[in-house]
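Throw the hints in and build the complete structure from the sequences for me.
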Amino acid sequence: TPLYSSAASDVYKRQFEELLAALAQALGQPSLPVGQDGTCTLIIDGRLAVNLAVDPQGRDVQIFASLGHVPAEHRAAIHVRMLQANGAGASPYTLGLTRQGDTAILSARRPLAEPAVPDLADGIAAFAQNALRWQASLRAPADDTAGAAPAPGTWMPA
Numbered sequence: 171t172p173l174y175s176s177a178a179s180d181v182y183k184r185q186f187e188e189l190l191a192a193l194a195q196a197l198g199q200p201s202l203p204v205g206q207d208g209t210c211t212l213i214i215d216g217r218l219a220v221n222l223a224v225d226p227q228g229r230d231v232q233i234f235a236s237l238g239h240v241p242a243e244h245r246a247a248i249h250v251r252m253l254q255a256n257g258a259g260a261s262p263y264t265l266g267l268t269r270q271g272d273t274a275i276l277s278a279r280r281p282l283a284e285p286a287v288p289d290l291a292d293g294i295a296a297f298a299q300n301a302l303r304w305q306a307s308l309r310a311p312a313d314d315t316a317g318a319a320p321a322p323g324t325w326m327p328a
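Residue numbering for the sequence shown follows the numbering used here, starting at 171 and increasing by one per position.
Simulated from the structure, these hints should not be mistaken for lab results.
Source: prediction; values computed, not measured.
Note that CB positions come from ideal geometry on N, CA and C, so glycine has one too.
Only true hints are included.
Here are the computed distance ranges between Cβ atoms for each label pair:
(1) 198 to 253: 33 to 43 Å
(2) 205 to 243: 34 to 44 Å
(3) 287 to 245: 33 to 43 Å
(4) 206 to 269: 13 to 23 Å
Have a look at this one:
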């Protein structure tokens, strides 16, 4: 179902599409199309799908990516690392799980009205780097899971 459901949301949709057009130009792309579900997907390094969408209230650009399957045999340890990385809400990113609980996701929000295109591009690049590190940590062997996640300083602002 589309993220846009009211007449007011057409304004947010237009703002989002204008932002994506400017971002496409900055990235040297002809366009960054928005799907029928209201998301734009960027493929990073051929291995990470970073999705951009406007939240239903139209205040923020949501950035989110699937990190992959959480192996059952490492689930408890990975959940602890995810909770530690989330901290007390001070992190710019949020780790979570799908409803089924077996796929990890990373998300972030940026105000729709404020992001300058270079700042948004830099934010997406930093988001992608962290997502790729978390993808790698999910594939780490059980004896290496404690050190495989990004360092806490990566997640908490200075």
